[in-house]
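Enquirer: First to last, the protein sequences are chains A and B. Residue numbers for the first sequence follow the numbering used here, so the first one is 153 and each next one is one higher. Residue numbers for the second sequence follow the numbering used here, so the first one is 662 and each next one is one higher.
No lab work stands behind these hints: they were computed from the structure. One or more of the hints may lead you astray.
[As the list claims (entries may be wrong)] Below, in silico cross-link-like pairs of lysine to any residue (SDA-like), each with a Cα-Cα straight-line distance of 25 angstroms or less: (1) LYS599(A) / CYS719(A); (2) LYS193(A) / TYR816(B); (3) LYS659(A) / ALA695(A); (4) LYS709(B) / GLN826(A).
Just so you know, these numbers come straight off a predicted model, no measurement behind them.
So the chains spell out like this:
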Amino acid sequence: MNDAAPHTNNFVVRRSIFLGLSILLTASGLLLMLNSYSGQKIFWEDYVSIGVFPLLFSQIAVGFVLAMYGFFDRLRGGDRHHLMRGAWREKEDSIPLAATAIVIPVYNEEVGRISKGIANMWRSLEKTGQLEHFDFYICSDSTDPDHWVEEECAWLSLCQRLNAFGKIFYRKRRHRINGKSGNVADFCRRWGKRYRYMIVLDADSIMIGSALVRLVRAMEANPEAGIIQTQPYMVLGHSLFRRILQFSSQVYGGLFSQGCSMAQMSSGSYWGHNAIIRVAPFIEYCDLPLLPVPDPRRRHVLSHDTVEAALMRHAGYGVWIAYEEPGSYEEGPPNLSDMLTRDRRWCAGNLQHFWFLFARGIEMGSRLQIWIGLMGYLCSPLWLIFLIAGSFGAYFRMRFLTLSADPQDLGAATSSHAGSHVGLLLGLTLTLLFLPRVLGILTTLPKAAQFGGTSRLLLSALLENLLSFFLAPVLMIFHTLFVLLTLLGWQIKWTTQNRADTGLTIKHCLALYGWLSCLGLIMCPISAYYLGNVSWWLAPILAGWILAPFLAWVTSVRRMGMLSRACGLFVTPEEVQPPPELQGLDDDDGASSAASQLWVQALLSPYVQAVHLSLVRQGTSSNGVPVQFLATLRERLIREGPQALNTKEKSRLLWDGETVFWLHQELWSRPAAQLHPSWIKLQAGCAGSPLLSHYLTTEN
Amino acid sequence: MNFLNTFELSDHAQVSELALNLLHQARELHRKDPSREPVTHAMANAQKRLGDWLAASLGEEHRSPSRIMATGYIALLLSQVHRTAPASVLASPLPEELRQALRETLLVTGPDFNISSMTPRHLDYGPMLQIARQTWHRWDAKELVIALLFWAGVYSAFYWWLSQRL
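Excised from the complex, chain A in its bound form (with noise of 0.2 angstroms):
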């Protein structure tokens, strides 16, 4: 455990105005809420919304009181207690590196994007100086072999290119237990004591160079910190979708990342990437415990950075914020579909982080996370059932207010009094819900010439609260759907995020979302009929339900993110001067796009092969598979051709050595009539294989 006191003098009164201002917040809400019933007859349906509200209504006031913080915070010119503006900025430049090891899991991912990510952050490390303080790991736990042996050849290529043979290192996980967080882990385990730091990166992340020395320094100038997270901005969208997520991470991400670090200190959150960890107490106190539940197949934690930030805490480290950190930068889910698949997961991640909420030793702080991230998901189902409950609520008032001849109930229907405190209970949350938003465009004015300008920067601003509006309901029964799934125990598998801006077609749109139209349609005139007036309420939600294939189809659409960037509309800083780490990502020219079966390069291409087997430790023969199953497999994929055999039978044979040479030799030895007629026309094509122009005789 770390003795040493990571927080300030002010942390407490920080921490307490949060929580008091929250509280203050959500108890009003209630209190407005309450009293619109005041003279009413309240029915069961109410007493539902009644015990929903607080909840609901308390996730707004959290956000809305880190956005004042982070306001706050921007106007007093940032955080002086902030370890990124401790006293050792003064004497940056005399501080020394130690060993850093920048690990990158990779798992399917687009290959030549992720090696010329690697690239230009290596290039750009290299004009700092201290590149010889940095290695780089891919560590890969690709289950395709085509994007196995691609990896293998765009390491050898990026070693060549940058002449980093020795600096830039390439492992494939035989056994990919625990995703990404066992990846890391393995890292950890295999090589982490040769390493002080680590920065961890997702695939589509990436760093500029000094960024990566700073975070360096700033660890070696504070020994209490144990992970500082940058604010990674989202960055290279092309579809409608990804660049509305990108601008709307500019102008109001920060802002809440800065309330967060201010609020929280050195309680910070991680977030799995783009952030610097202390190797050794990491190994020492963060590998992820099992969960307490009875299914073995459900014990290991999905969403890993939280929990990691947690213990990082219990044992006495300290968890920051970087938000004012540049060039930290990642890639964006590139329509509202991927978007989903994403959050599926992570709502399976949130939703298990219950069981660290009452964890003895867990850091207030870290407790205030995981609840803030269990929320995050469980508000869509309470909403939902808040909707359901005040309407049915709104109809048997309407329906008692009609049947009942008691005057006083009609005048307690039109009471002014009770229909104030509505208007006021509306201003309150539509205040909470949108002044953060305006805070966002305001600080983000001074600087709208890097967004398009004023007029440009107002006009993005609006348009993305409209879609915002009307994407919220169609996110709130999606992610109640995965609430649901997650709890009645459907297994999530963490999935490859697509970051390709290919877009949606409209039968893909009309399918997924078309439930949502037909439902929304019908919902309307039901609601019209039923509650009359009061079904105007309703009109935002079931508008975003209706429209949900169009949004979907419409903003995944490359052409639509084109020709809005034409207009100057939801532009970004990086856009308009992309920095040089940035530059050549998005050109589409791996060869993973260019050809399929690339993994029988490794069998036919003398040049693959042998980067293959320098790279798959030999000496184990077989490595636990049955000699007989692999000799079976050898001759079904001779006869019958490489499409003979499934992703797992290929990886087997590609796992051992010996018999990836002994293929090789086959498959040229063997007179034509012994073999499949696809492998005559592999053999054909292997000199121009796309592996081969692409990364390994590509003139450097």
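Use these hints to put chain B onto chain A, whose structure you have.
Expert: Just chain B now, kept in the frame of chain A:
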């Protein structure tokens, strides 16, 4: 020919010459041993010549054929000998500067392991786990559904009765 093309030698005439040479040798070998197909003879001969040439050029005769081939092909690729001096591929003896170029290509595939033990520490999940454990041990899914249906029925009946009275 397809096999030789995979080496990406920049001199096509050299590839043709090598192919003819190998085919000629394969014909001779097939005459001596007709039980094997000519293509098998040609490939076995090509592989053997390549293996011997790489082993001699790298000075690694003691290693297994698969290792020699892997190291040798990478050396060939990284030294660019196949591009800059295609005529020297399979040439014996290899000029000293090319031999040196091949031997200088050292492939570092990964640093040596420096094993650490990373195991999860015990975490007390607190009172929720106690409650959950008791629940898991006591509750059977079937019984739970029956109980829920029963109480849903009771509450519905009670609600209906109340709504009739009020």
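Enquirer: Take the hints in turn and mark each one as holding or not.
Expert: Hints, verified against the model:
Restraint check: the Cα-Cα separation between LYS599(A) and CYS719(A) comes to about 19 angstroms, which is no more than 25 angstroms; the hinted pair holds. For the hint linking LYS193(A) to TYR816(B), the alpha-carbon distance of about 21 angstroms falls within 25 angstroms, and the restraint holds. With a CA separation close to 20 angstroms, the supplied pair LYS659(A) and ALA695(A) stays within the 25 angstroms bound. Under the criterion of a C-alpha separation no larger than 25 angstroms, the hint pairing LYS709(B) with GLN826(A) is consistent with the structure, at around 22 angstroms.
In this structure, every one of the numbered hints holds.
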